[in-house]
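Protein sequences appear in the order of chains A and B.
Be aware that the first sequence starts at 1, since it is given in my numbering, and climbs by one per residue.
Be aware that the second sequence starts at 1, since it is given in my numbering, and climbs by one per residue.
A portion of the hints provided could be inaccurate.
Stated by the list, open to error - A short, non-exhaustive set of chain B residues, derived as facing chain A with CB atoms under 7 Å: (1) I3; (2) S18; (3) T34; (4) Y58; (5) R102; (6) Y105.
Keep in mind the hints are simulated off the structure, nothing from the lab.
These numbers were taken from a predicted model, which means no experiment stands behind them.
We put the CB at the ideal spot given by N, CA and C, even for glycine.
2 protein chains.
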Amino acid sequence: MTILDADAGYVVVINTFSVDPDKAEDLLKVLSETTEQTIGKLPGFVSANFHVAKDRKYVTNYAQWSSEAALDAMMSDPASQEQLKKVGAIANRADPILYELRKTYGPGE
Amino acid sequence: MTILDADAGYVVVINTFSVDPDKAEDLLKVLSETTEQTIGKLPGFVSANFHVAKDRKYVTNYAQWSSEAALDAMMSDPASQEQLKKVGAIANRADPILYELRKTYGPGE
C-alpha cells in the first residue's frame, strides 16, 4: 500500500515500459524481482507500484524516491544495472519521466 | 492524500498531457478546477493526482475510478466534456492509458 501526498516532497518517477502483450506478465515478474532483490533495498527507495495496461501493451511503474540524488545513486548502482538489463531484454522501450506531485483530490474534495 | 492498493480493484488512468513548459502551471490550474467543479463530483470518481514534470513538458494525472463504466460515463458527461475542452486548449496532446494496479512495494518489502 502506497500513499500519495503532495506534502511528502518525494521525487516521483513514472516509467512506462512498452512491451509485446504476451510478455507483459513476464515483465511484471522481472520488475517485481528486481525490486525485491535489489532496488527496493537501496537508500532513498520509498515505493514501486506496478501497473499492467488493460491492452497489455504497457507495464508502468509509479515510483517514489526520497530525492533525485537517491534516484541517481540507484541508476549507477552495479547490482541495479545488472537487474535492469533483464528488464531491457523483455521491454521494447522505457519512457521514464520525473515529476513532482502537486495536488491530490479524493471524493468530495 | 491517495492510497494505492492493488486489492482495491480500481481502474487506474494515467493521462500524460504534453504541454509547452511555460503553460504547465496554467494546465495544472485548469485540471484542478475541472476536478473541483465537475469531474470530482461524478459517481465512481475515486481520486485525481496531478504531477508536473521536472522539465515542465508534461502534466500527468494519476486517476482512480471505481469501474470502467464510471470512467465511460464521465467521458460522455456534457459538463465534463465542456471542461475538458479548456484542457485541450492548453495541452498539446493527451495520452491516457488504462491500467490495473498489480503490485505495490514499500520500504523493506
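- [ ] Could you tell me which of the numbered hints above are not met by this structure, giving the numbers in increasing order?
- [x] 2, 3
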